[in-house]
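Enquirer: Now for the letters of each chain:
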Amino acid sequence: MTGIAPSTGEYLAAPNRVVSAANGIEYTYRQVGEGTPALVLLQHFRGNLDNWDPELIDALARDRRVVTFDNAGVAGSTGTTPSTVAQMARDAIAFIDALELGAADILGFSIGSFVAQEIALIRPAAVRRLVLASAAPRGAAGMHGWAPEVIGAVGEPEPNPDGYLSVFFMPSAASRQAGVETLGRLGARREDRDKPTTWETRQAQYDAVCDWGIPDHGQLQRVSAIGMPVFVAGGDGDPMILPHFSYLLAGLIPQARVKIYPDAAHGFLFQHHAEFARDVDAFLRE
Amino acid sequence: MSSTDASTALLPDVQTELREGYAEVGDVRLHYVEAGDGPLIVLLHGFPEFWYGWRLQIAPLAAAGFRVVAPDLRGYNLSSKPDGVAAYGAVDLAADVRGLIQERGAESAHVVGHDWGGTAAWTLAMNHPEVVDRLAILDAAHPRKLNEGLRHPSQLRRSWYFFYFQLPDLPEHHVQADDWEFLQDFLRDAQPPYTDEEMGRYIEAWSQPGAAAAMINYYRFAVRHSSGEIKPIAAPTLVIWGDRDRYLGPTLAEPHHDDVPNLDRVERLPDASHWVHHDEPERVNQLLIDFFTTTR
Chain F
1 MTGIAPSTGE YLAAPNRVVS AANGIEYTYR QVGEGTPALV LLQHFRGNLD
51 NWDPELIDAL ARDRRVVTFD NAGVAGSTGT TPSTVAQMAR DAIAFIDALE
101 LGAADILGFS IGSFVAQEIA LIRPAAVRRL VLASAAPRGA AGMHGWAPEV
151 IGAVGEPEPN PDGYLSVFFM PSAASRQAGV ETLGRLGARR EDRDKPTTWE
201 TRQAQYDAVC DWGIPDHGQL QRVSAIGMPV FVAGGDGDPM ILPHFSYLLA
251 GLIPQARVKI YPDAAHGFLF QHHAEFARDV DAFLRE
Chain X
1 MSSTDASTAL LPDVQTELRE GYAEVGDVRL HYVEAGDGPL IVLLHGFPEF
51 WYGWRLQIAP LAAAGFRVVA PDLRGYNLSS KPDGVAAYGA VDLAADVRGL
101 IQERGAESAH VVGHDWGGTA AWTLAMNHPE VVDRLAILDA AHPRKLNEGL
151 RHPSQLRRSW YFFYFQLPDL PEHHVQADDW EFLQDFLRDA QPPYTDEEMG
201 RYIEAWSQPG AAAAMINYYR FAVRHSSGEI KPIAAPTLVI WGDRDRYLGP
251 TLAEPHHDDV PNLDRVERLP DASHWVHHDE PERVNQLLID FFTTTR
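Those sequence lines, one after another, are chains F and X. Each step along the first sequence adds one to the number in the working numbering, with nothing skipped, and position 5 is 5. Each step along the second sequence adds one to the number in the working numbering, with nothing skipped, and position 62 is 62.
Hint data in this document are derived by calculation from the structure and do not stem from the laboratory.
With the C-beta cut set under 10 Å, the calculated list includes, among others, these residues of chain X facing chain F: (1) Gln-166; (2) His-173; (3) Ala-177.
In silico negatives: residues of chain F with every beta carbon more than 12 Å from chain X: (4) Pro-37; (5) Ile-93; (6) Leu-220; (7) Lys-259.
If the Cβ cut is set under 10 Å, some of the chain X residues that face chain F in the computed set are: (8) His-152; (9) Arg-157; (10) Asp-169; (11) Glu-181; (12) Phe-182.
Note that the Cβ used here is the ideal one computed from N, Cα and C, for glycine as well.
Working from the sequences, and respecting the hints, build out all of it.
Expert: Shown next, in the form of structure tokens:
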């Protein structure tokens, strides 16, 4: 095991909270840990508050306040899920404003990493440092929708754990084992669970993913305007967002570094939760 | 009474005759192994073991002057495996044990339970106190403590498999993958490690048709239902606990006083894992023999 001390954040016990924002949306969120600036997390495709591995959240929250939330229209929040990343970013900014977080650190995962890039471009003053996990820049060739086996595994009307494992974890024994442990932890909260995400959310988010992935070389230039330090991280076998997009993104952002985690797929940050939390902590402390 | 299952000489160097049989108890048929003569001790195994989990206890307890019966709990190895989740509640497990004690011609017994067998034993002592002389529990939380523990994040994190097993169908397929790697891994923190021959016996038991689903259904029932009414336990009770248990935290060892007013003590073995009866068999056997001879 790792040298990380037992965590105190206890995401599994964190109550669901609600905040009303200026855009009229009531956002459901949780928070653990203390400290400024807060670290705000942006969730993956179809994910809700219960889809964050509590082991990762607690590790991240050892020395800082970590905030997870459902964006507009997603799971426990009110409103309608928009079908563009740009609108998701505006909705996320409204949440950050409602909590009066000032300049926060932001960690976006998968589609959440798209939203995080957009926030950094629309409202740079709201972002101190940026972590982009399983990420790709807008307009990159090869990102226009996911491979058939990927969307087949995670895009079905009823999400299924086999499909989840096949995209978020590798076929190796070690990664599979990490996957079932994550699945167990994701189910460990028995009371006060978040609402499941709807089919409407799935459709709107996938529209946004495809829109983000329309090949357009000119769009790649956008992220060169991201001026804050950025940590780009991914799994070496991610079938959903291939590892080379991490390198592309890190190459386009002036102050970016990249790390690819071994024997890991889309859910590398859950599989390598201790190492990833250490890396994020070190990056945010610099 | 000889059989292939018991006669594969789990105790090659011990001259203990093992008797094997099947007890019809209610609507299930329980396979058991028996040895020795004297006051009855019932040994109840946990997940993912079977009667063989007690291989280091059976001969010493028999040699100490007891009749020892170690069943396969329902769903395990050669015992009946009723379909569905509803058949695997603790109340039914406890009723099985009461029936087994009676079927073996005894009015009551000393009862030892480890892990899920401990849950069965706690429940038996609550629901059928008349059949429990003395109760010994190895690394099994009292139902109230387990309930409380599963609400606590640090214990929830140790018990992720409780919730992984809630998923439909996937777990029973997954546990069989790579020669039962998932379940082998469960046993891997035992010290000394299980030998290949021992592991082979477990794999044989897990491979019995329907066993994997039944074993997992214990967890499905437990998470979906409350533990039922908790009544004070009259029997004198000894708790033995391996403090290096990676599944059940050390704070789960001590039951609430009002639930177990006749608690003799909690004997903690600081270096033992969850598999305390395997890790420190001589110590465990002596504790059991001392505890059960107090009244003789």
